[in-house]
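*Asks:* If you want the building blocks of each chain, they are given just below.
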Amino acid sequence: MSDSANATTERTESGESDATGGPQIGAVAGKDDAVLRVDDLQKSFGGLTATDHATFEVERGTITGLIGPNGAGKSTIFNLISGFYEPDGGTVTVNGTDVTGMEPYEVAEHGLVRTFQTPRKLEGMTVREAMLVGPRNQPGESFLNLFTSPGTVGDSESANLADAERILADFEIDHLATQPATDISGGQMKLVELARAMLAEPEVLLLDEPVAGVNPTLAKKLKTQIRRLNERGTTFVLIEHDMEFVMDLADPIVVLDQGSVLTEGTPEAVRSDDRVIDAYLGGGA
Amino acid sequence: MSFLTDPRGTLGDLTRPEAWVLGVSVAFLLLLFVALLAGALGPTYFLFLVGLAGMYALLSFGLNSQWGFTGLINFSVAAFFGVGAYGAALMTADSSPIAGGFNPLVGLIVGLSVAFVLAVLIGIPTLRLRADYLAIASLGLAEVVRLVVLNERWLTNGSAGLRGIPSFFAGWPVLSTFPQAMPGLRLEVVPGSPIFLEAPFWRASLNVLLVLGFAGATYFVLRRAHRSPWGRVLRTIRSDEDLARALGKNTYSFKMQSFVLGSLIMALAGVFYTHLNLYVGPGDLDPITTFYVWVAVILGGSGSNRGALFGGIVIVTIREGTRFLNDFAVPIDPAPLRLLLIGILIVVVMRYRPQGILPPQRELIWPSAVDGSGTPDRPASGVRERKRSDDLENRSENAENRSDDRDGNGPNGGDDDE
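Those protein sequences? They're chains F and V, same order as listed. No gaps in the numbering here: position 254 of the first sequence is 254 in full-length UniProt numbering, and each next residue is one more. No gaps in the numbering here: position 220 of the second sequence is 220 in full-length UniProt numbering, and each next residue is one more.
I should point out that these hints are in silico values taken from the structure, not numbers from a laboratory. For every residue, glycine included, the Cβ atom is placed at its ideal position computed from N, Cα and C. Watch out, some of these pointers could steer you wrong.
As the list claims (entries may be wrong) - Not the full set, but computed from the structure, chain V residues with beta-carbon under 10 Å of chain F:
#1 Ala225
#2 Gln355
#3 Ile365
With the rest of the complex left out, here is chain F (with noise of 0.2 Å):
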């Protein structure tokens, strides 16, 4: 493990301390440099409660987890971070901006950009011009300064087109540069979906079950670069149901069960967690 992930453990595990002396876990007073913070977090569909009174906080530059057995409203509190939900009750902040009830641009523009469970496809495009979508505020996606601006937006592209090449060649992916972004494999779709995502710049980075689906050896290729980015500074939230590939990663560790936070840790202290077994493990592991 790098210095820096040792460090987010240490500051995790005094982090810890505070939090499981009491079920109000991650309704501490605050972490000094807490780039995302969930605060009572609200969210039902018809009479079913997939989000109760959720509060965790995300650290700047860390790795957190987000685990939880199936239906414990994982993707639901993704969706109401990144604004494709809009909450029944609570606050997300980021970046000590209240970002609730914004719309995902908006969102986006603060810095947190997510990816999604099943890979995106795009049609009609080639792996690096779907890598081309993810800079934000293009010059060239304003449809004035292609006639009044065009040295400009080709200045742009020009870098953004190199800044692709290079994140492309980082991850070992730069020989599909030219395919159809539909024609690769579903382990490749997610390496150019993480790779597109670090075009926005994203200060967070939502991960929905990165690996999912994705055989060992591309797994550990991404395992790889979000360890690589998040050394660079990329602070990152996922979800995952890969339990080793969760526990060498993360730390901290935020634990859901039936929409609320059961409690959060590190990799050890989650593990050992009599309550995580139970709701996680169904009590017989």
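Model the placement of chain V on the given structure of chain F, informed by the hints.
*Replies:* For chain V alone, coordinates are given in the frame of chain F:
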């Protein structure tokens, strides 16, 4: 590489459908040329048909920028076309009950302005919703506009329509008198079949120039837009709107821009039609126009500007060409069957070539970014259709990749392991 600098290379680079379309187009043009020389096709009528084809190409461009680029389902093509046509006619026609006598440029501005306002008004409540809501709203709009035109006689003359519309160049220096100033010509290439080129011919020539100008400018704008980051966001919205939103794109704004742009192009086609036909009536707003334009876009290839152009020309060819089949020994009257023919055509295309005849072929990246030095070369193929053998090869390669994925062997082999 362009056709002028490397004609052999350009032709050799054509895919099979491109070569087929090129071949058929050349043969068709030759046929028309022979028919013109032989006097079987009047030159003035021929130019009228060219104008009509240009108008349909414009309408197809408009729908393509909405549906082809962004995935917006607009069933009110005829409404926006009619708004442009009536806007121009009401400002310029002698019989206009509210205005009339204005310069056609005023009519152009009014037609486009009304279309702009209408598009924004329809877009505001529907573009935040799912695509099918826009489809329903636009279907309603088409009928509302048609019924208003038909029933509000104080405004539109009702079913009588508007007559006495001047040519687009009326009042312009030189061009307004150009048809009369040109000398009448008589050509006789085939003995006994003289061709007369008189004032109507020269007037029709101006119309063709006008529609070429409109269609050329529109093509230029759309081509540039399609290859830009702006166009890329639209294509992302079409494929997956949630992804675009997650990446920080204000999809509502982009959809509105796309919808308004397409509606303005449709209205432009209406303005041109007014000055081509010199009469507009409620019949011009019939839903069949919308149907024809949808067929043109799907036939040509959704998202492809040249496909829209091709589709527009094919539709006019079928629509007008069937009139001439009676001159041959055809056992049935084919003209009333043209809708059936178009229906069969679209079924065949959907069955054997669902992506259309000329779908978008190349990677769409801003040209200076891929052609400039220091940036990666533009790929020769990209999303371009491959020749059959390449296609099969790639498919088997990708199938292998997927199988590797399942087996736990990455496509890059074990060397990529940490």
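*Asks:* Next, verify each hint and record whether it holds.
*Replies:* How the hints compare with the structure:
{"no.": "1", "hint": "Ala225", "verdict": "6 Å, holds"}
{"no.": "2", "hint": "Gln355", "verdict": "9 Å, holds"}
{"no.": "3", "hint": "Ile365", "verdict": "6 Å, holds"}
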